[in-house]
Amino acid sequence: MVVKEEKRNKTEQSQVELELRLLEALEIYPPVKLQGIHRHFVLYGLMEFLRRSFDRHFSADEVLQLLERFYNLEMLKPDDEETDILNHEEDFSLPQSFFVKEEP
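Each residue of the sequence shown is one higher than the one before, counting from 44 in my numbering.
Derived by calculation from the structure, the hints in this document are not laboratory data. Be careful, since some hints might not be right.
So the derived label-pair ranges between C-beta atoms look like this [to be verified]: (1) A103 to L137: 36 to 44 Å; (2) E133 to I71: 32 to 40 Å; (3) E70 to H100: 18 to 26 Å; (4) S136 to Y114: 41 to 49 Å; (5) F141 to E111: 46 to 54 Å; (6) E145 to E70: 58 to 66 Å.
All C-beta atoms, glycine included, are put in the ideal place defined by N, C-alpha and C.
Using the sequences plus the hints, can you model the full thing?
Spelled out as structure tokens, the structure:
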């Protein structure tokens, strides 16, 4: 009985420690940047911060699960309209007024 209680307390303590380290990491890597082009860089930064803090590998899924405890990550997902705007390509050409007309 005492062993189970000790084990549970140790697990709770390590969970609290993990959450505290994640919150420290969020000072450097704000969750608002998990949106858009910075998303993967911020996620990698959080993974590295936790890896250095606990000397073990954290997967992107593990970090996202931790973040889900504090934030609604669904709100950070890009809209289809936003993706369409970013993927829209248009040929570039200089206006005719840019070209100097040579005098004969």
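Give me the numbers of the hints this structure contradicts, sorted from smallest to largest. none
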